[in-house]
Amino acid sequence: MEYNYDELTTAMDLLYVCARMIEAGRWTVENAKCTMHVDFYYDIATEALWSCCEDVYMDCNEEACITHYYFSDPCMMEYYRLCREYSRRRGLKLKDNPYMNNAKQYVREQLNGDWNSCYILHTKVNHRCASGIHFMYDENFTGEVALLSRLLNVFSFYQEGVEKLKAELAMPTALTVIYPTVIPFPLSYEKYDLEAAA
Amino acid sequence: MTVDLAKLSQCLRQLEAEPDGDITQRGINPYLLEHVILPYLSGEDVDMGTLDYSAFSPDDILDADKEIGTVSNGANRVSYVMQFFKKAPPTARQTKAFC
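In the order they appear, the protein sequences are chains P and U.
Heads up: the first sequence begins at 1 in our numbering, then just goes up one per residue.
Heads up: the second sequence begins at 199 in our numbering, then just goes up one per residue.
Isolated chain U, as found in the complex:
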């Protein structure tokens, strides 16, 4: 299988951007997003003893879990497709591209 990256790039540019893949646009409790989720995803340690538990409820955590699951599924699907491109070996052009 060969992949024409130029055509692929052109097709992708024509698609509309989907906000569903952006975790900051999923309606998650802002405090959880800023002080827990994004720091955790960035590799920082989150000390649960320093959080303000009046800023969110246990139900907010459950809602955030659902949204994270949706974004995670989307990220896994993209990662799966990317594997095909990573494994595809480059092929030489059959015609001259210059001169």
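Bound-form chain P, shown alone:
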């Protein structure tokens, strides 16, 4: 029996989108209710992009043929808020914070490298959606499914990063272990009531 394989791999991309979205908890099986056919490729890929995180904004510059997306999620905001807490407690500048640098590196690995697109990573926390990814692509861009997969990886990274940061921030630092009680200057040790302070 002769099979036509030409459209099968494109159709399988649709199933891949559904499987990734269900695995990430962004969709239920009900959201995936659609015939697996290449005609629905763009619709499903676009719908998945709009659902891959909590906040998604889109704009299109028709004159320049550039599409702009902005993706943000509470886990990303929480990650960068915790990064600042980490820096404050460790006395580190943000640029020297390993968690900030790890996130920057991971996002670069996931989103860099396509000739027809680029991105800007925002890491502020002063208002809702202050942290986010501004992703832009031109009319020759065809990597919607790959973009979706990489964005899901990025937000999964931030979710895991939040848990790691919370665990690390919950641990006592070296100073609190060695000096459990801070004696205020200029009282001497004998005059300071340790029981009252505790």
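Keep in mind the hints are simulated off the structure, nothing from the lab.
Bear in mind that the values here come from a model prediction, so they are computed numbers and not experimental data.
Glycine included, each C-beta is placed from N, C-alpha and C at the ideal position.
Mixed in with the good hints there might be a few duds.
Claimed, not checked - Which chain P residues stay away from chain U? Per the calculated CB distances, all over 10 angstroms, these: (1) Thr35; (2) Arg89; (3) Lys93; (4) Pro172.
Unchecked claim - Heads up, simulated SDA-like pairs for lysine to any residue below, C-alpha to C-alpha not over 25 angstroms straight-line: (5) U:Lys264 / P:Glu7; (6) U:Lys264 / P:Thr142; (7) P:Lys33 / U:Pro237; (8) U:Lys264 / P:Lys124; (9) U:Lys284 / P:Tyr99; (10) P:Lys33 / U:Glu242; (11) U:Lys264 / P:Leu165; (12) U:Lys264 / P:Arg150; (13) U:Lys264 / P:Ile66; (14) U:Lys284 / P:Tyr5; (15) P:Lys166 / P:Asn97; (16) U:Lys264 / P:His122; (17) U:Lys264 / P:Asp114; (18) P:Lys33 / U:Leu260; (19) P:Lys104 / P:Lys33; (20) U:Lys264 / P:Glu163; (21) P:Lys124 / P:Glu63; (22) P:Lys164 / P:Asp114; (23) P:Lys33 / U:Asp257; (24) P:Lys124 / P:Leu92.
Claimed, not checked - Pulled a few chain P residues facing chain U out of the computed Cβ check, cut under 10 angstroms: (25) Met12; (26) Leu14; (27) Ser149; (28) Ala170; (29) Met171.
Please arrange chain U on chain P, whose structure you already have, making use of the hints.
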């Protein structure tokens, strides 16, 4: 160019069968093969909302894609060769084949 189909048939019979061209022998996730790939190739509609997503992972889909690509390339090569035979006009025998 003339093609002797009798000789060609004899040569092909002497070759060993290659399992690579059979999509069911490529190690693809059995659920994907039975409920997605084979029905799709047979022209049936596959509703993605009725599938059991615990029976396969996204990586299984990527692996299946690679295998489908390999089989598809082989099928395209065979189809390309077949075009020569389809375009070749029949020629009459120069000698009597009976009496």
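Consistency of the hints with the structure:
| no. | hint | result |
| --- | --- | --- |
| 1 | Thr35 | violated (5 angstroms) |
| 2 | Arg89 | holds (38 angstroms) |
| 3 | Lys93 | holds (39 angstroms) |
| 4 | Pro172 | holds (40 angstroms) |
| 5 | U:Lys264 / P:Glu7 | holds (14 angstroms) |
| 6 | U:Lys264 / P:Thr142 | holds (19 angstroms) |
| 7 | P:Lys33 / U:Pro237 | holds (17 angstroms) |
| 8 | U:Lys264 / P:Lys124 | violated (41 angstroms) |
| 9 | U:Lys284 / P:Tyr99 | violated (64 angstroms) |
| 10 | P:Lys33 / U:Glu242 | holds (16 angstroms) |
| 11 | U:Lys264 / P:Leu165 | violated (38 angstroms) |
| 12 | U:Lys264 / P:Arg150 | holds (19 angstroms) |
| 13 | U:Lys264 / P:Ile66 | violated (32 angstroms) |
| 14 | U:Lys284 / P:Tyr5 | holds (21 angstroms) |
| 15 | P:Lys166 / P:Asn97 | holds (15 angstroms) |
| 16 | U:Lys264 / P:His122 | violated (36 angstroms) |
| 17 | U:Lys264 / P:Asp114 | holds (22 angstroms) |
| 18 | P:Lys33 / U:Leu260 | holds (21 angstroms) |
| 19 | P:Lys104 / P:Lys33 | violated (36 angstroms) |
| 20 | U:Lys264 / P:Glu163 | violated (35 angstroms) |
| 21 | P:Lys124 / P:Glu63 | violated (30 angstroms) |
| 22 | P:Lys164 / P:Asp114 | violated (30 angstroms) |
| 23 | P:Lys33 / U:Asp257 | holds (21 angstroms) |
| 24 | P:Lys124 / P:Leu92 | holds (17 angstroms) |
| 25 | Met12 | holds (6 angstroms) |
| 26 | Leu14 | holds (7 angstroms) |
| 27 | Ser149 | holds (8 angstroms) |
| 28 | Ala170 | violated (33 angstroms) |
| 29 | Met171 | violated (34 angstroms) |
Checked against the numbered hints listed earlier, the structure breaks hints 1, 8, 9, 11, 13, 16, 19, 20, 21, 22, 28 and 29; every other hint is satisfied.
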